[in-house]
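S.K.: Sequence:
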Amino acid sequence: MKNNSSHLSPLTSHLSPLTSHLSPLTSHLSPLTSHLSRLASHQGLRRYGANTTWLFAEQILRMIAGFLVGVWVARYLGPEKFGIFSYSLAFVSLFGGIAKLGLDGIVVRDLVKEMEKKEIYLGTSFWLKLIGGIITLLIIIITLLFQSILTSHLSPLTSYLSLLTSHLLTSTNLYILIIAFGIIFQSFEVIDFYYQATVQAKYISIRKMIQLFLSSVIKIILVLIKANLIWFVLVTLFDAISLAIFSWWIYKSQALPNFIKYFKWNIAKRLLKDSWLLLLSSIAISIYMRIDQVMIKNMLGDREVGLYSATMRLVEVWYFIPMIITQSVFPAIVSAKKVSEELYYKRLQQLFSLLIWTAILIAIPISVFSHQIIYLFYGERFMEASKVLVISVWASSFVFIGVGSGNFFLVENLQNFSFWRTFYGMIVNIILNFILIPSHGIQGAAIATLISQATAAYLFDIFNKETKKIFFMKTYALIPFRSYKCF
Numbered sequence: 076m077k078n079n080s081s082h083l084s085p086l087t088s089h090l091s092p093l094t095s096h097l098s099p100l101t102s103h104l105s106p107l108t109s110h111l112s113r114l115a116s117h118q119g120l121r122r123y124g125a126n127t128t129w130l131f132a133e134q135i136l137r138m139i140a141g142f143l144v145g146v147w148v149a150r151y152l153g154p155e156k157f158g159i160f161s162y163s164l165a166f167v168s169l170f171g172g173i174a175k176l177g178l179d180g181i182v183v184r185d186l187v188k189e190m191e192k193k194e195i196y197l198g199t200s201f202w203l204k205l206i207g208g209i210i211t212l213l214i215i216i217i218t219l220l221f222q223s224i225l226t227s228h229l230s231p232l233t234s235y236l237s238l239l240t241s242h243l244l245t246s247t248n249l250y251i252l253i254i255a256f257g258i259i260f261q262s263f264e265v266i267d268f269y270y271q272a273t274v275q276a277k278y279i280s281i282r283k284m285i286q287l288f289l290s291s292v293i294k295i296i297l298v299l300i301k302a303n304l305i306w307f308v309l310v311t312l313f314d315a316i317s318l319a320i321f322s323w324w325i326y327k328s329q330a331l332p333n334f335i336k337y338f339k340w341n342i343a344k345r346l347l348k349d350s351w352l353l354l355l356s357s358i359a360i361s362i363y364m365r366i367d368q369v370m371i372k373n374m375l376g377d378r379e380v381g382l383y384s385a386t387m388r389l390v391e392v393w394y395f396i397p398m399i400i401t402q403s404v405f406p407a408i409v410s411a412k413k414v415s416e417e418l419y420y421k422r423l424q425q426l427f428s429l430l431i432w433t434a435i436l437i438a439i440p441i442s443v444f445s446h447q448i449i450y451l452f453y454g455e456r457f458m459e460a461s462k463v464l465v466i467s468v469w470a471s472s473f474v475f476i477g478v479g480s481g482n483f484f485l486v487e488n489l490q491n492f493s494f495w496r497t498f499y500g501m502i503v504n505i506i507l508n509f510i511l512i513p514s515h516g517i518q519g520a521a522i523a524t525l526i527s528q529a530t531a532a533y534l535f536d537i538f539n540k541e542t543k544k545i546f547f548m549k550t551y552a553l554i555p556f557r558s559y560k561c562f
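Plus 75 on top of the position in the sequence shown (first one is 1) and you've got the numbering used here.
Simulated from the structure, these hints should not be mistaken for lab results. Any given hint could turn out to be false.
Said to hold, decoys possible - As a list, the in silico BS3-like pairs of lysine-lysine whose alpha-carbon atoms are at most 30 Å apart: (1) LYS336 / LYS348; (2) LYS462 / LYS156; (3) LYS283 / LYS336; (4) LYS336 / LYS188; (5) LYS344 / LYS193; (6) LYS327 / LYS188; (7) LYS421 / LYS339; (8) LYS421 / LYS188; (9) LYS348 / LYS156; (10) LYS540 / LYS413; (11) LYS277 / LYS193; (12) LYS327 / LYS277; (13) LYS188 / LYS301.
Claimed, not checked - Pairwise CB distance ranges, derived in the manner of DEER restraints: (14) GLY180 / GLU541: 34 to 44 Å; (15) THR128 / ILE502: 34 to 44 Å; (16) LYS348 / ALA407: 30 to 40 Å; (17) THR128 / GLY180: 14 to 24 Å; (18) ARG345 / GLU541: 25 to 35 Å; (19) LEU347 / SER514: 35 to 45 Å; (20) LEU534 / ALA343: 33 to 43 Å; (21) ILE295 / VAL443: 29 to 39 Å; (22) GLY153 / ASN333: 39 to 49 Å.
Where is the CB? At the ideal position from N, CA and C, for every residue including glycine.
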């Protein structure tokens with residue numbers, strides 16, 4: 076024991092100054108801990124905290140289950156069939172923004188303000204979204220008709236019945252129509268608006284987790300019994316229908332009023348007037364996210380769509396990270412704006428640094444082990460996708476900082492810049508796809524996405540005086556170990 080104490084003596088002598096330095100820190104932390112204790116006991120904050128926990132839990136579970144089951148389905152179907160399936164989903168997604176009408180945030184906002192009119196708001200938005208879904212379905216059918224005429228070189232005077240039976244209802248077009256039919260059932264999403272406005276995310280999350288479990292089990296069974304592709308397409312329609320049924324069942328189980336019988340034209344006009352910019356933004360995002368897969372299909376073929384889509388699953392699985400980070404620090408950024416501009420921009424700088432280096436730390440190992448990752452998840456048939464993965468994962472760096480810019484746009488009330496940035500990126504992406512896909516294949520599509528993401532999320536800011544400052548902040552964020560500090 077004597078020897079041990081002699082060894083510990085130098086250690087305690089070194090610790091003494093440290094404890095003396097920590098003493099003032101603990102005195103400063105004491106009020107903070109008591110303040111946090113009071114916050115934790117605050118009923119309203121506990122409610123919001125629980126609400127956020129439910130949302131994050133559902134998102135993370137959906138990400139994990141969707142990724143694992145999706146990879147298994149892709150591996151089973153193979154590049155060509157998975158390409159047909161992915162193209163069908165992407166084609167419908169191009170028009171998905173129309174059906175939503177940009178109403179989501181607008182209706183939640185108005186419900187919070189006038190909860191006593193919830194039946195009117197829910198009913199009016201339900202019928203608007205239902206009409207939007209039907210219009211979207213008709214637009215998809217008309218688009219497929221014109222596409223069939225152009226690709227088959229038929230005269231417009233050809234019998235419409237002949238066109239419908241021999242060209243419109245090809246296997247791929249049939250898959251598109253089946254998936255598109257599910258858009259109509261998105262009208263029941265208005266039930267989510269009520270639970271968002273009343274901070275009851277538990278009911279949204281439970282419903283979605285039950286539906287996710289059923290969908291995942293069905294897909295696993297289909298893989299095990301070696302089912303045809305049509306059954307996986309039908310599961311997509313089942314997802315939309317079952318989600319609507321679960322939504323209605325949970326809503327009615329709480330003895331809430333039937334909103335379907337309500338519709339007010341004056342409220343409908345006001346909602347549409349407020350949401351038109353969000354509608355345009357939603358359409359631009361839908362096209363921006365999926366146009367590459369549609370163009371690959373038409374320029375190269377189904378197999379190439381399958382290879383490209385497989386890499387996108389490996390890249391997009393990480394996109395929940397910037398969403399969680401930005402949502403977590405948004406209150407700190409808003410609070411900093413009230414204190415001082417210096418603190419506000421300091422926290423924005425910290426956010427950009429955190430986002431960009433998180434993305435880089437994800438991209439480096441994926442780039443180095445791209446061959447092994449593709450082989451592990453998808454097998455030998457998808458090995459050509461490894462080069463695409465290397466390019467695509469670096470595009471995610473710009474996605475990360477693009478999400479971070481959203482906080483700046485919200486605080487500065489520059490939501491219109493968010494739309495124009497997306498629109499600009501969409502145009503650049505389409506033009507580059509036309510140039511690069513014919514000459515470089517699916518790697519060309521990945522390069523087009525990388526450049527368009529860089530121009531939209533980074534270079535776009537230098538051309539506007541309101542956003543020029545964050546362009547330099549994003550540039551500074553690339554310098555390691557200089558601008559990162561903990562919030």
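S.K.: Quick one, are LYS188 and LYS301 close enough, alpha carbons at most 30 Å?
M.R.: Distance of about 52 Å is beyond 30 Å: violated.
S.K.: Please test the hint of 25 to 35 Å on the beta carbon pair from ARG345 and GLU541.
M.R.: 28 Å, holds
S.K.: Against the 30 Å threshold, does the CA-CA distance of LYS327 and LYS188 hold or violate the hint?
M.R.: 23 Å, holds
S.K.: Is LYS344 close enough to LYS193, meaning Cα to Cα at most 30 Å?
M.R.: It holds: about 17 Å lies between the C-alpha atoms, which stays within 30 Å.
S.K.: Taking only the CA atoms, is the gap from LYS277 to LYS193 under or equal to 30 Å?
M.R.: Judged against 30 Å, a Cα distance of about 19 Å means the pair holds.
S.K.: Between GLY153 and ASN333, is the Cβ distance one that fits in 39 to 49 Å?
M.R.: 47 Å, holds
S.K.: Going straight from one Cα to the other, do LYS421 and LYS188 come out at no more than 30 Å?
M.R.: 33 Å, violated
S.K.: Check whether the Cα positions of LYS421 and LYS339 lie no farther apart than 30 Å.
M.R.: The hint is violated at about 47 Å.
S.K.: A range of 29 to 39 Å was offered for this pair. Does it hold for the Cβ distance of ILE295 and VAL443?
M.R.: 31 Å, holds
S.K.: Taking only the CA atoms, is the gap from LYS348 to LYS156 under or equal to 30 Å?
M.R.: Cα-Cα ~42 Å, so violated.
S.K.: Does the Cβ distance between LEU347 and SER514 fall inside 35 to 45 Å?
M.R.: 43 Å, holds
S.K.: Are LYS283 and LYS336 close enough, with their CA atoms no more than 30 Å apart?
M.R.: 25 Å, holds
The earlier numbered hints that this structure contradicts are 7, 8, 9, 13, 14.
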